Amino acid sequence: MAYGEKVMDHYENPRNVGVLDKDAKNVGTGMVGAPACGDVMRLQIQVNDDGIIEDAKFKTYGCGSAIASSSLLTEWVKGKSLEEASKIKNTDIAEELALPPVKVHCSVLAEDAIKAAIQDIKDKA
Amino acid sequence: MSTPTYMDYSATTPVDKRVAEKMMKYLTMDGDFGNPASNSHYYGWQADDAVKKARQQVADLIGADSKEIVWTSGATESNNLAIKGIAHFYHKKGKHIITLKTEHKAVLDTCRQLEREGYEVDYLDPMPNGLLDLNVLKAAIREDTILVSIMHVNNEIGVIQDITAIGNLCRENKVFFHVDAAQSAGKVDINLSELPVDLMSFSAHKIYGPKGMGALYVQRKPRIRLEAQMHGGGHERGMRSGTLATHQIVGMGEAFAIAQAEMKEENIKIGLLRDRLLAGFDGMEEVVINGDMDARIPGNLNISFNYVEGESLMMAINKIAVSSGSACTSSSLEPSYVLRALGLSDELAHSSIRFTIGRYTTEQDVDMAIDLVREKVQKLRDLSPLWDMFKEGIDISKIEWAAH
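Quick note, the sequences are listed as chains A and B, same order. Quick note, the first sequence lines up with residues 1 to 125 if you use full-length UniProt numbering. Quick note, the second sequence lines up with residues 1 to 404 if you use full-length UniProt numbering.
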């Protein structure tokens, strides 16, 4: 699979790799995908008192597109409110990374991940 | 950018320069460009001599008579011709065929076609090491079984089936036996004058010959009949019409002759390199070798690095050219059916890399590959939530994942 420059950049220099304390009240964790399908994304967001996402971390098992999609997502959500972050669409990610059609499911997974992370924070409140 | 180091010799091989040089003498006006079927003039005679010589070279490597060689466009065509040819010619004897789940698609898909035509096909499960259990085959043979098709060497995991034992079982039951030997010629000794095999498929491009060229061995004593797939001028004793591609045939002959002269030494050299590669991964956690390690050709190492996805690993190690059983490298998004047939979990199949080394692989190549793989597997595991969970002692197979 020949990838575009942006995928390669995120893949080779992934942003915001890491782990946040999943038990903290202001941290939301979204784990989506399945090992059997070849991709698992774990996205974590940390929200400040004003409801703004001040930090985001990810770890992803998956192909280059899956890693790039989650890396891009962490960049995009930082500084956004939960409301704003929930509006990120998979098509925006796919377009930004110029994902080929066969890889669009990776961006869908990223959208699922941020939705799951936001839900986790809401469940904790 | 410098080109990646080639370690995908089971996908194809470069044409040996000695082969290419020979081939070039059969193309241009100053060469022997004639049609081997032109039996009325010099140009035809020259080309016919070259074809005869190549037919002998191919036959010599596999212990066959040159009259038993039918030229084809490659192993895919040979498999089609053998399986459909037997099924169609002998359909009155029965319509049941037996093959293995780990066969190449050229065999599996041909069998699927025959099923659509009303034949019955059993696709046997291999043992977890990739080899066929003879008792499973014995149990599958029926009164109306006409053909068993089992590959000699598997293209993904490199395991060598015991075709002598399988063939003997077929003979006892009066069933034709076809062997896809695309991956074994030039790597494993083949002596068809003794082997209980009726039909055997060969490819040129897997053993340093040109693409688009293959052969089918069709036993003469007792005579095996086939219904032709390609009709026309009655070439190849009516089994495969079409003007013979002299330069391609010469290339295949030369490649087989070189293999015969050098195979023994080459296998030792390649085996040492493969063992060096394997030893280089010593001490790495969660590494699984796929397929039997003893009944295996020297050049193949199929290995799963658990918790790392194969396609992303291939991207990370793009200084070497290898293949993966990962779904992401296929258009279907299904992980390797060969590895799945061994009973591997989807995760392990997704995490597999096939290294195949060959004639031009060096120790430096292998050492570079070891360093690269060790570094990148670590990097990707640091990025993998599954690796974190494994390290925390969580059994990921016990988690209920949402399929997508």
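Do not take every clue at face value.
[Said to hold, decoys possible] Among the chain B residues that face chain A by a calculated CB cut under 7 Å, a handful are:
#, residue
1, Glu21
2, Ser312
3, Glu347
4, Leu383
5, Leu386
Worth flagging that the hints you see were computed from the coordinates, not collected in a lab. The structure presented is a predicted model; accordingly, all values stated were derived computationally and were not measured. Cβ atoms here follow ideal geometry from the backbone N, Cα and C, with glycine treated the same way.
Verification of the hints:
1. Glu21: Not OK, violated: Glu21/B not within 7 Å of chain A, min 33 Å.
2. Ser312: holds (5 Å)
3. Glu347: holds (4 Å)
4. Leu383: holds (6 Å)
5. Leu386: It holds, given that the least Cβ distance between Leu386/B and chain A is near 5 Å, below 7 Å.
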